[in-house]
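Enquirer: Sequences are here, hints too, so could you generate the full structure?
Protein chains: 2
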Amino acid sequence: MNWYEGAGPEGDIVLSSRVRLARNLKEFPFPHKLSPATAREVADRIEEALFSASANLKREFASLEMDAMEETDRVSMVEKHLISKEFAAGGTGRRTLVNRDESISMMVNEEDHVRIQAMRAGFALDESYADALRLARLFEEKLDIGFHPQFGYGTACPTNTGTGMRASVMVHLPGLVMTGYIAAVVESLRKIGFTVRGLYGENSEATGAIFQVSNQITLGVSEEETVADLKRLVVQGLEQERGIRKELYRLQPLTLEDRVNRAYGILKYARKISSEEALQQLSDIRLGVSLGLLRNIRVETLNRLTLGVGPATLQKTVGRPMGPDERDAARAATIRDCL
Amino acid sequence: MNWYEGAGPEGDIVLSSRVRLARNLKEFPFPHKLSPATAREVADRIEEALFSASANLKREFASLEMDAMEETDRVSMVEKHLISKEFAAGGTGRRTLVNRDESISMMVNEEDHVRIQAMRAGFALDESYADALRLARLFEEKLDIGFHPQFGYGTACPTNTGTGMRASVMVHLPGLVMTGYIAAVVESLRKIGFTVRGLYGENSEATGAIFQVSNQITLGVSEEETVADLKRLVVQGLEQERGIRKELYRLQPLTLEDRVNRAYGILKYARKISSEEALQQLSDIRLGVSLGLLRNIRVETLNRLTLGVGPATLQKTVGRPMGPDERDAARAATIRDCL
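Chains C and F, in that order, give the protein sequences.
Going by the working numbering, the first sequence opens with residue 1, and the numbers climb by one from there.
Going by the working numbering, the second sequence opens with residue 340, and the numbers climb by one from there.
One should not assume that every hint holds.
Here are the simulated SDA-like cross-link-like pairs (lysine to any residue), alpha carbons at most 20 Å apart as the crow flies [unchecked claim]:
| id | chain 1 | residue 1 | chain 2 | residue 2 |
| --- | --- | --- | --- | --- |
| 1 | C | K316 | C | S274 |
| 2 | F | K607 | C | N296 |
| 3 | C | K268 | F | R634 |
| 4 | F | K607 | C | L293 |
| 5 | C | K268 | F | L633 |
| 6 | F | K607 | C | L254 |
| 7 | F | K607 | C | L294 |
| 8 | F | K607 | C | R295 |
| 9 | C | K268 | F | R675 |
| 10 | F | K607 | C | C338 |
| 11 | C | K268 | F | T594 |
| 12 | F | K607 | C | A333 |
| 13 | C | K268 | F | L632 |
| 14 | C | K268 | F | C677 |
| 15 | C | K268 | F | A567 |
| 16 | C | K268 | F | C496 |
| 17 | C | K268 | F | V535 |
| 18 | C | K268 | F | R610 |
| 19 | F | K607 | C | K316 |
| 20 | C | K268 | F | P368 |
| 21 | F | K607 | C | P253 |
Calculated from the model, a selection of chain F residues having no Cβ within reach of chain C, i.e. all distances over 12 Å [as the list claims (entries may be wrong)]:
| id | residue |
| --- | --- |
| 22 | K424 |
| 23 | R536 |
| 24 | P592 |
| 25 | V599 |
| 26 | G604 |
| 27 | L606 |
| 28 | I612 |
| 29 | E665 |
Keep in mind the hints are simulated off the structure, nothing from the lab.
Glycine included, each C-beta is placed from N, C-alpha and C at the ideal position.
Expert: Quick look at the structure:
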């Protein structure tokens with residue numbers, strides 16, 4: 001079972017918590033300045049550090065050479081948030097180290113020598129941070145990691161220098177979207193140094209009312225402060241979103257019941273569906289489940305579908321390449337079977 | 340059971356066949372020139388002619404004084420095509436004679452002294468004509484009916500003079516609508532003296548791809564010719580529509596399957612629905628049933644719902660007046676229960 005097939009704390013609103021730590025080897029230039037041979041050397045050193053640490057880790061982690069993989073497999077990893085879109089394009093020495101349940105993945109030779117990412121279902125930032133930190137410490141024991149006593153960890157891009165940390169949560173905020181309050185929330189988060197994006201990165205629209213909130217600031221704050229700040233914001237957001245949902249339901253029970261039940265009826269019967277519409281209907285169903293309007297649907301199922309209906313992941317599941325029409329049909333069939 | 344709760348020949352496309360005959364008493368002016376007292380006298384004479392003909396007819400027919408009825412009941416009769424909208428407004432001497440299964444209704448003192456209307460499920464114009472004719476003959480035996488050897492039956496409006504007949508079919512033509520061919524079909528029917536209207540009269544849009552086709556010409560043709568002409572047109576239309584449906588399905592099976600299944604999913608799960616949307620979704624379901632894409636749904640059920648989801652009929656079924664929101668909820672519940 002992959003990590004996202006489970007459900008975590010506050011799972012009605014928080015889909016996942018993620019912490020990413022960037023680390024670089026002191027004696028090598030940053031990846032964009034490496035020769036192919038040196039890039040491979042860096043990758044080997046990092047892999048070696050991980051695999052030599054314990055037999056458990058060696059069993060637990062797979063090493064995937066990006067250039068040796070099928071495109072579908074690489075894009076599927078992007079859809080599951082294991083790697084970045086840029087990294088999926090491949091390049092010599094680019095390698096992903098990923099554990100069995102896909103909760104921890106490390107991009108080697110992306111922007112930095114290694115980016116350690118730990119994901120958990122639900123609201124579990126402390127745990128994600130602990131997961132990522134454990135591996136970062138392992139590398140620090142075994143390798144010469146660039147660290148400046150005043151400025152912290154060195155990174156290829158100055159916006160990451162300091163903690164080298166990006167802590168983020170993926171949250172479902174249909175109440176804030178329906179009422180239009182989301183714009184003000186996003187604006188106020190930006191003002192205090194947090195970024196809000198859609199399900200798939202920088203420029204993606206918030207399809208299905210799913211947002212990623214992450215810290216922007218890495219310099220002059222500690223990792224613990226960053227996590228604590230984000231946690232506080234999430235707790236505030238949870239309260240706001242829950243309050244709005246209750247109020248919306250109190251004011252227009254029939255409208256909400258109709259909306260979530262129609263979404264269920266459509267997903268239960270559609271014979272083709274785009275990934276965008278699927279995410280939108282799944283969003284309405286998720287809202288219905290959280291309000292107790294739809295029974296017998298588990299948040300785990302919704303999490304699995306939310307990350308599983310992307311074009312590439314779908315093709316991986318079906319086991320062969322498909323054209324857009326065929327994908328829309330396979331997506332509808334997958335969803336019907338799951339609900 | 341009402342007539343429309345059954346299904347008739349070619350029921351996948353022809354919802355119903357209807358023949359209306361207008362008759363007037365020679366010794367009285369047309370209704371719009373009658374005093375209240377004389378209007379009542381005309382109504383009494385017509386009712387008397389019907390009820391005195393046989394004990395069976397007396398048992399079979401109810402006499403409803405329009406002015407004595409609740410508005411909901413009158414509007415519901417319009418929704419079921421038993422009477423015209425204008426007639427439902429009431430007026431002294433306006434009376435409806437209607438049989439138990441509502442297949443025969445007579446408007447007394449509408450535009451003409453009596454308009455006999457016979458309806459049958461499916462493609463059954465001969466039978467509807469026979470039903471109407473039987474009653475017209477009865478009136479001719481018992482009353483002095485205005486008839487001119489050269490010009491035929493006298494009517495209040497000259498557009499009905501001659502046969503005084505309006506023969507019509509209610510047909511479901513989603514294939515012609517989806518492909519856009521319907522515009523040309525309507526145009527060519529108009530050119531040869533036939534009118535095409537939506538589900539509810541002159542100016543109504545063809546919601547749910549349901550059309551009424553009726554003869555326009557009553558002078559210089561016989562009743563039998565009129566029925567034969569309309570029958571021929573319906574047979575042509577049936578072939579066209581069936582051909583298009585098959586072709587649409589052959590070209591885009593998934594698109595059609597998706598459309599009809601989504602309609603089913605929505606009607607099966609919606610918690611509120613307008614009558615217009617209900618008719619549209621029922622239209623898609625009807626198409627799906629006719630193509631064998633949806634099983635276990637009977638055409639009879641669709642007929643009942645098509646005529647049963649109007650605001651007034653719905654309130655009659657539920658048994659109390661309702662606001663628009665409540666009606667939309669009751670409509671959704673009624674449809675869910677039936678499917």
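Enquirer: Compare the structure with each hint and give your call.
Expert: Verification of the hints:
no. : hint            : in the structure
1   : C:K316 / C:S274 : holds, 17 Å
2   : F:K607 / C:N296 : holds, 17 Å
3   : C:K268 / F:R634 : holds, 16 Å
4   : F:K607 / C:L293 : holds, 16 Å
5   : C:K268 / F:L633 : holds, 14 Å
6   : F:K607 / C:L254 : holds, 16 Å
7   : F:K607 / C:L294 : holds, 14 Å
8   : F:K607 / C:R295 : holds, 16 Å
9   : C:K268 / F:R675 : holds, 15 Å
10  : F:K607 / C:C338 : holds, 19 Å
11  : C:K268 / F:T594 : holds, 16 Å
12  : F:K607 / C:A333 : holds, 19 Å
13  : C:K268 / F:L632 : holds, 16 Å
14  : C:K268 / F:C677 : holds, 19 Å
15  : C:K268 / F:A567 : violated, 46 Å
16  : C:K268 / F:C496 : violated, 54 Å
17  : C:K268 / F:V535 : violated, 37 Å
18  : C:K268 / F:R610 : holds, 16 Å
19  : F:K607 / C:K316 : violated, 33 Å
20  : C:K268 / F:P368 : violated, 62 Å
21  : F:K607 / C:P253 : holds, 18 Å
22  : K424            : holds, 30 Å
23  : R536            : holds, 31 Å
24  : P592            : violated, 9 Å
25  : V599            : violated, 9 Å
26  : G604            : violated, 3 Å
27  : L606            : violated, 8 Å
28  : I612            : violated, 8 Å
29  : E665            : violated, 9 Å
The structure shown violates the earlier hints numbered 15, 16, 17, 19, 20, 24, 25, 26, 27, 28, 29.
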